Amino acid sequence: MLTAFLISVGVMCAITTVLAVLMILADATIANYGDVRITINDSKQITVEGGRHLLATLKDEQIFIPSACGGRGSCGLCKLKILEGAGDPLPTELPWLAPDEQRRKVRLSCQVKVKNPLRIEIPEELFNVKQYEAEVTAIRDLTYDIKEVRLKLLSPAAISFRAGQFVQFEVPPYELSNEPVYRAYSISSDPGKEDEIEMEIRYVPNGICTTYVHRHLKTGDKAVVNGPYGDFYLRDTNRGIVFVAGGSGMAPIKSILHQMLNEGNRRTARYFFGARAVKDLFLLDEMKDFQSKLPDFQFIPALSEPGPGDDWSGEQGLITDVVDRCLETVDNTEAYLCGSPLMIDACIEVLKNKGMPGELIYYDKFA
Amino acid sequence: MKQTPEMDAIQRQMRPGVITRDGFLGSDARKLADILEFDNAEVNRLGLTHEGIAARMRELRDAGRKGIGLATRVDPHFEVRVDSVRGKLPCPFGHAGLVQKMNTTVRNLAGGREITYTDLNIHMIGGHGFYEGRGSAFRLEPSELKEILEIPESPPPPSPGMPPGLR
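In order, the protein sequence lines correspond to chains A and B. For reference, each letter of the first sequence is one residue, going 6 to 372 in our numbering. For reference, each letter of the second sequence is one residue, going -17 to 149 in our numbering.
Bear in mind the hints are in silico, worked out from the structure with no lab data behind them. Treat the hints with care, since some could be wrong.
Claimed, not checked - Pair by pair, the computed Cβ-Cβ distance ranges are:
id	chain 1	residue 1	chain 2	residue 2	range
1	B	SER9	A	GLU354	36 to 46 Å
2	B	GLU96	A	ARG145	21 to 31 Å
3	A	ASP146	B	ARG116	31 to 41 Å
4	A	GLY360	B	ALA11	58 to 68 Å
What the hints assert, rightly or not - From the derived model, a few chain A residues whose C-beta atoms are all more than 10 Å from chain B:
id	residue
5	TYR38
6	ALA61
7	ARG77
8	GLY245
9	GLU291
10	LYS298
11	GLN303
12	LEU332
Quick caveat: nothing in here was measured; it's all calculated off a predicted structure. Idealized CB from N, CA, C, for every residue including glycine.
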């Protein structure tokens, strides 16, 4: 009886081992796609090792496609046109692709495996995206839950970006993550200072990147970012400007204010900043400085629920109510919004109700 | 409880790297059917239902949305912050559509404790009786939900022994 049992166990172990070896061999041979050619914008060809997802493959070739979820197919940011070689969209892509995008052969590059020769289109501006090695030169508490992180760029030593754009910050493996993870943060610094970038990072419970920045990152640490990305930037018009932000949505607006100062921009600008209480306000001195130097700029902080000891005499209420109350006209005016998606959606409604055309409302939902 | 092949497939969807980077099971090595059965028994013991818990979570989230991204007071003594990040997630149980990545943090000012949950948590609890595995970053303990969200006891469900995920 015992012998029969041991023989059965032995046979099962042998079968399992053989199957495991076969799977390893299959992975190394059948699933080996060899070198694959990718034609980019019908003007450039690269040869890559097949078998990996297009997003990661392009990153190895120093071509950076924005992605906020690290390639899990849950952010829908890494869209590219794949004109040939990728087959039909996968079920994991379909929720992200509008019918028109499917017709135009738009795909999620994080979901498409490189198996056959591909013909793809990449927006030209993404070729300016680079990976930067940097050093943390300063970390400052802006509030109890927002830190300002300043990076000195080492290699390359300078970045050219439009005020309002964002970078992706690499979190190295640590206790919450056993692999590098990328998260997107707006640049808050002066675009005229090309050797450094600044970000404002709010702590999010359980957030891999924000936990790393708030609990582990320190001055002198090395860091890696890639960028710049995004189309949230000041349009070159003569319209009046309405900025609306909340929390770390301050970052791209601050960078745009630096740009306006650098350019001697004389446009009328009103900046509505929403916070809950005095403890959530920050960079007030910097805003006062912009107010004194820009010819027609006004910073209007508003508190939704001031604390008992706040002694607040400024605007009160939700930022949407304050914008509605204080903005007399939206004629010849355009708006730039950055913050929580809930805040942005509510602000868009208010501005449209006041008569601002949707195409003059630019926003960045916490990119 | 015996686990069906369909539940095996769902449990595979819950592994790290399939839908989310860390998955839904944490360090929990139990079969999904056992996780659901255990939490179902706990919810019954607490005098609650999964649907009732989800309804309370949804109610506080909807009240917190009025703060448009900022923490806001909700009667009688809660502070609720609702915020979302870019992206959407599918339900690992295979429901069609995607759930927005929305986080709700509820602080009970009377008890001094707080809890954070996602819209996907609300869906998985109400629809499937799934609170995530032990050790998962987004695991929710039914007893903590009851205490912090002050969920009143519910009438017994139609089939008290069976979580929605197994019905």
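Status of each hint after checking the structure:
1. SER9(B) - GLU354(A): 36 to 46 Å: holds (44 Å)
2. GLU96(B) - ARG145(A): 21 to 31 Å: holds (26 Å)
3. ASP146(A) - ARG116(B): 31 to 41 Å: Once the Cβ atoms are compared, 34 Å apart, the range 31 to 41 Å for ARG116(B) and ASP146(A) holds.
4. GLY360(A) - ALA11(B): 58 to 68 Å: holds (60 Å)
5. TYR38: holds (21 Å)
6. ALA61: About 13 Å separates ALA61(A) from the closest Cβ of chain B, which puts it past 10 Å; holds.
7. ARG77: violated (6 Å)
8. GLY245: holds (24 Å)
9. GLU291: Non-interface label stands for GLU291(A): nearest chain B Cβ at 21 Å, farther than 10 Å.
10. LYS298: holds (29 Å)
11. GLN303: Given a closest Cβ separation of 22 Å, the condition holds.
12. LEU332: At about 17 Å from chain B, LEU332(A) clears the 10 Å cut-off, so the statement holds.
The structure fails to meet hint 7 from the earlier list, while all remaining hints are met.
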